[in-house]
Structure formats: C-alpha cells, structure tokens
Amino acid sequence: MQNKPYKPKLLWLQSITCNGNTHSFLNHPDLFSILENFELIHHPTLDSEYTMADVLSKNVPCDILILEGSVIENGFKKAGVEVSSLIHAYAGKAKHIISVGTCATFGGIFKQNNPEEISGLCFDLEEKTQHYEKYASKLISLPGCPVHPRWLSFVLLMLAKNKSIDIDSLHRPKELYGYTVHNGCTRNEYFEWKIDTKNFGHKEGCLFYEQGCQGPYTRGSCNKILWNDTSSKTRVGTPCFGCTEPNFPQQSLFTTKTNMGIPAKIPLGISKRAYLTLTGVTKSFKIKRFSKDLLEYD
Amino acid sequence: MNMSEKKAFKRESIMQTALELFSLNGFHKTTIPDIAKKLHISVGSFYNYFTSKDFLAQEIIKYTSEALGEKIRVVNMTDASAQDKIQQIVTIYFTMAEEKPEMIDYFLRVYLSNREVFSENCEGMVCVAGFITEIMIFFDDCVESGELRNQDFFSAFGLFMGYLGGMVFLKGEGVLPKDIELYIDDISRNIYCALKVQE
Numbered sequence: 001m002q003n004k005p006y007k008p009k010l011l012w013l014q015s016i017t018c019n020g021n022t023h024s025f026l027n028h029p030d031l032f033s034i035l036e037n038f039e040l041i042h043h044p045t046l047d048s049e050y051t052m053a054d055v056l057s058k059n060v061p062c063d064i065l066i067l068e069g070s071v072i073e074n075g076f077k078k079a080g081v082e083v084s085s086l087i088h089a090y091a092g093k094a095k096h097i098i099s100v101g102t103c104a105t106f107g108g109i110f111k112q113n114n115p116e117e118i119s120g121l122c123f124d125l126e127e128k129t130q131h132y133e134k135y136a137s138k139l140i141s142l143p144g145c146p147v148h149p150r151w152l153s154f155v156l157l158m159l160a161k162n163k164s165i166d167i168d169s170l171h172r173p174k175e176l177y178g179y180t181v182h183n184g185c186t187r188n189e190y191f192e193w194k195i196d197t198k199n200f201g202h203k204e205g206c207l208f209y210e211q212g213c214q215g216p217y218t219r220g221s222c223n224k225i226l227w228n229d230t231s232s233k234t235r236v237g238t239p240c241f242g243c244t245e246p247n248f249p250q251q252s253l254f255t256t257k258t259n260m261g262i263p264a265k266i267p268l269g270i271s272k273r274a275y276l277t278l279t280g281v282t283k284s285f286k287i288k289r290f291s292k293d294l295l296e297y298d
Numbered sequence: 299m300n301m302s303e304k305k306a307f308k309r310e311s312i313m314q315t316a317l318e319l320f321s322l323n324g325f326h327k328t329t330i331p332d333i334a335k336k337l338h339i340s341v342g343s344f345y346n347y348f349t350s351k352d353f354l355a356q357e358i359i360k361y362t363s364e365a366l367g368e369k370i371r372v373v374n375m376t377d378a379s380a381q382d383k384i385q386q387i388v389t390i391y392f393t394m395a396e397e398k399p400e401m402i403d404y405f406l407r408v409y410l411s412n413r414e415v416f417s418e419n420c421e422g423m424v425c426v427a428g429f430i431t432e433i434m435i436f437f438d439d440c441v442e443s444g445e446l447r448n449q450d451f452f453s454a455f456g457l458f459m460g461y462l463g464g465m466v467f468l469k470g471e472g473v474l475p476k477d478i479e480l481y482i483d484d485i486s487r488n489i490y491c492a493l494k495v496q497e
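Sequence order for the protein chains is E and S. Residue 298 is where the first sequence ends in this note's numbering, and the numbering goes up by one at each step. Residue 497 is where the second sequence ends in this note's numbering, and the numbering goes up by one at each step.
Calculated directly from the structure, the hints in this document are not laboratory data. The reader is advised that the hints may include incorrect statements.
Claimed, not checked - Pair by pair, the computed Cβ-Cβ distance ranges are:
| id | chain 1 | residue 1 | chain 2 | residue 2 | range |
| --- | --- | --- | --- | --- | --- |
| 1 | E | K198 | S | R413 | 43 to 53 Å |
| 2 | E | G269 | S | G472 | 43 to 53 Å |
| 3 | S | H338 | E | R289 | 47 to 57 Å |
Note that beta-carbon positions come from the ideal geometry of N, C-alpha and C, so glycine has one too.
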C-alpha cells in the first residue's frame with residue numbers, strides 16, 4: 001500500500017489585526033484545493049483539527065506559520081496568554097514563516113497606535129527588528145493591505161512542492177514584488193503623455209499627477225495578478241495607496257503631494273532630473289486622441 | 299583636436315556667430331550667406347552643419363538653454379539656502395546678460411517673438427528643457443526644505459523669470475540708470491520675499 005504524501009502542517013496565527021488578510025484569502029476561488037496540500041492545524045475562521053485552547057498551549061505541530069497582524073512584545077493577550085509568546089513558540093518550531101499583510105511584515109496601520117513598541121515580526125518599517133536574525137532563514141514577507149489571495153497561494157504551493165522562492169532584501173518574493181503596481185496599469189498611455197484624470201472612476205487619464213496614485217513607486221503585482229481575477233484599484237479609477245510599502249499608511253491618499261506642481265515622489269529608481277526633463281518635453285505635446293473620452297456614446 | 303571635436307567646435311562657432319548677427323541685425327534680416335561670410339566659410343559648408351535657418355534657430359535655443367541650465371545645476375547641487383540660491387541664480391542670469399548679451403537677447407527677442415520658427419520640433423518646453431528642468435529642481439528642493447511656499451509652478455516661475463527677463467529687456471533698451479549687477483541684491487531679496495513661506 002502506498003504511503004500518503006506528507007502534508008505540511010499549517011498554522012495561521014493572528015496578532016493585532018483587522019482580519020483583512022484572513023478574509024482576503026477566503027476570496028481565493030481555489031481555496032479548498034490549495035488547502036488540500038496542507039494539514040490545517042489552526043485557522044481563525046476555518047474548521048481545523050485543533051482548538052484555540054490547544055494552540056494557546058504552544059504544543060500543536062507547525063511546519064508553516066502564517067502570521068497575520070502587527071506584533072507587540074508585551075500587553076496583547078489572548079485568553080491570558082501573551083500573543084508574542086505564542087508567535088515565538090511557533091516561529092521557532094516552524095520550517096517556514098510567512099508574514100501576511102503589511103502589519104505582520106512592517107508594522108502597518110496598527111503601528112500608528114504605539115509607534116515605539118508595535119512593529120512587524122522581523123521588520124519595523126524597513127529596519128530589522130531584534131528577531132530578524134533568528135527567523136530570517138525561514139521568513140517570507142507578503143505585505144499588502146490586505147495580501148492578495150493569489151500571492152499567498154503562490155507561496156504556499158511553492159513551499160508545498162519544496163520549490164525555492166527568490167526573495168529581495170525585505171524577504172518579498174521577487175516574482176510578486178519585483179514589479180511596481182504601475183506595471184500593467186491600463187492607464188499607462190496617459191502616464192506616458194502626462195495626462196491626469198480629472199476625477200475618480202473615469203476610464204481616461206492617469207491618477208499619478210493629481211489624485212495621489214502611488215503605483216509608480218509601489219512594489220506589487222496588482223496590475224498583473226488582478227484582484228478577484230477581474231480588476232485593480234487603478235484600473236477602476238482609484239489611486240494606489242502604496243499598501244505594500246514599509247511606510248504604509250501615509251496621509252492624504254487621494255492627493256498627490258507636489259512641490260510647486262512637481263510630484264514630491266517620482267517613479268522608482270529614476271532621478272528627479274531625468275524625470276523632470278522627460279516630463280517637460282512630453283507635456284509640450286498635445287495628443288488629440290487623449291483629449292477625448294475612450295467611449296463616446298450617442 | 300580630433301575630427302568630431304573639430305566638428306563640434308565649428309558647429310558651436312556657427313551658433314555663436316549667428317547669435318551675434320541675430321542680435322545685431324535681427325533674426326529675419328540675417329541670412330545664411332551673412333553668417334557664412336562672417337565665419338569665412340562657404341554657404342555649402344554651413345549646410346553641412348545646419349540644414350536650414352529655422353533648424354539653426356532651434357539648435358541655438360537648445361544650446362543657450364543648456365548653457366544656462368548647466369550653471370544653475372551647479373547651484374542646485376550645493377547645500378545653500380533658498381535665499382542664497384536665488385541670489386546665485388540672479389547673478390548667473392545678469393552676468394550672462396552682461397557678458398553674453400546675445401544669448402539672453404536671443405531668448406527674449408527671437409525665441410519668444412518668432413513662435414512660428416519654433417512651432418515644429420520646439421513645441422512648449424522641448425527646446426528649453428535644459429533650463430526649465432533646473433528651475434524645477436530648484437523650486438522642488440526649496441519647497442521640500444520648507445523655505446519656499448508651495449504653489450503652482452508657473453505662478454512662481456513667472457514671478458522669478460518674468461522679473462529677470464523684464465530687467466534684461468530694460469537693460470537692452472538702455473533705460474536702466476545703473477549697471478544691471480547693481481540690482482542683484484535688491485532683486486534677489488524681492489524674489490525671495492515674494493516666494494518664501496509666509497510667517
């Protein structure tokens with residue numbers, strides 16, 4: 001009789017979180033077939049073999065730890081148990097740690113409540129925390145607010161198949177975060193010719209110049225691997241908020257910060273001088289096609 | 299000097315001579331044979347460098363814009379305060395108006411007054427990008443540092459460059475009672491006071 005293939009034991013642990021990543025992953029159209037590759041030890045909303053009380057005992061098995069939510073060393077308890085002690089118990093035991101969402105990765109929105117003490121598990125914004133060295137060899141960062149369900153499934157299935165995942169200096173998979181959100185945006189023609197959309201929800205125009213879009217300097221494949229397999233923020237006419245970046249959230253998300261009309265932040269890796277030279281030239285041309293609506297109705 | 303350096307040198311001397319003739323006799327009255335004669339070259343030789351007078355005119359505006367831009371770039375690379383940078387840019391502009399009046403003159407009297415010559419290939423900012431980019435960098439840095447008030451680019455640009463252009467125009471008309479460099483301090487202070495963050 002053939003032995004059943006070993007299924008990695010998957011433990012999903014929540015720290016200080018809004019549950020956004022849990023809910024995001026529930027939207028994955030292939031959720032249950034993905035989970036068939038694992039033995040689900042614990043999940044915040046799905047049935048699993050062990051109870052929360054078992055998890056709190058720190059004795060349940062764990063090959064892959066998924067951590068959701070920001071981390072504080074002292075003062076955040078579940079059923080009387082410091083959550084950080086749970087995290088360290090299972091992070092030490094796990095072969096792989098996946099920090100899902102910007103909170104678990106960099107500190108995220110909950111860091112705003114106590115910037116001195118709340119952080120991600122291994123990063124505090126872009127700085128390494130005291131735990132980095134201990135967990136670095138098994139850490140995969142999946143920032144996003146929330147994480148895209150297909151980014152998580154990509155990592156899980158790669159791990160299930162014992163495939164190596166190429167990561168960058170912040171431990172983000174290059175396959176997912178090597179792109180900017182700008183890459184694949186359907187408004188790229190308007191970006192090229194520096195034509196802003198004049199409002200939200202329009203088909204025409206780029207959101208970078210006035211509407212606050214952070215796509216050109218935000219890492220993520222939102223316009224390559226679409227949300228709900230359908231669309232993205234920028235495609236429907238809402239600016240990218242830069243939710244995968246270490247410094248998320250920022251302020252005034254619907255307005256581009258400019259200095260005398262010049263964008264304060266420019267596309268990733270481009271010098272301001274080069275960008276402004278190009279912009280000045282491009283803006284000099286009036287392309288008739290872009291002054292009209294894409295779809296003209298009778 | 300190798301061949302390409304020689305060619306570049308010749309090209310620049312044609313532009314410099316044309317600049318002087320345009321300034322002296324006016325753009326429309328200056329012909330290609332006039333330029334060739336002053337340089338002691340044949341008209342045919344001129345066409346090896348520039349295919350038409352309009353093309354020459356466009357190349358000259360790029361050349362003057364780059365020359366001015368390079369000097370402002372040096373200022374932008376320093377850690378000077380906004381007030382100091384303004385003083386330095388005003389000095390650069392007025393010094394150029396003093397030492398190479400044909401360059402500023404060309405910008406004011408040829409480029410801005412003969413738009414039909416520049417309508418093709420020199421639309422908008424295309425041929426003055428070298429200069430405009432550095433002014434943008436200057437404004438951006440000074441707003442970022444909290445020294446200048448954030449506003450629309452053109453309202454600040456017009457105040458700064460319109461003022462300087464106007465003064466050089468008055469100088470060209472011979473109506474300024476004093477040498478233009480004697481205005482540098484007051485004009486720099488005026489520009490700074492107009493653009494600085496209000497208390």
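Structure-based check of all given hints:
{"no.": "1", "hint": "K198/E / R413/S: 43 to 53 Å", "result": "28 Å, violated"}
{"no.": "2", "hint": "G269/E / G472/S: 43 to 53 Å", "result": "51 Å, holds"}
{"no.": "3", "hint": "H338/S / R289/E: 47 to 57 Å", "result": "50 Å, holds"}
The structure does not agree with numbered hint 1 stated previously, though it agrees with all others.
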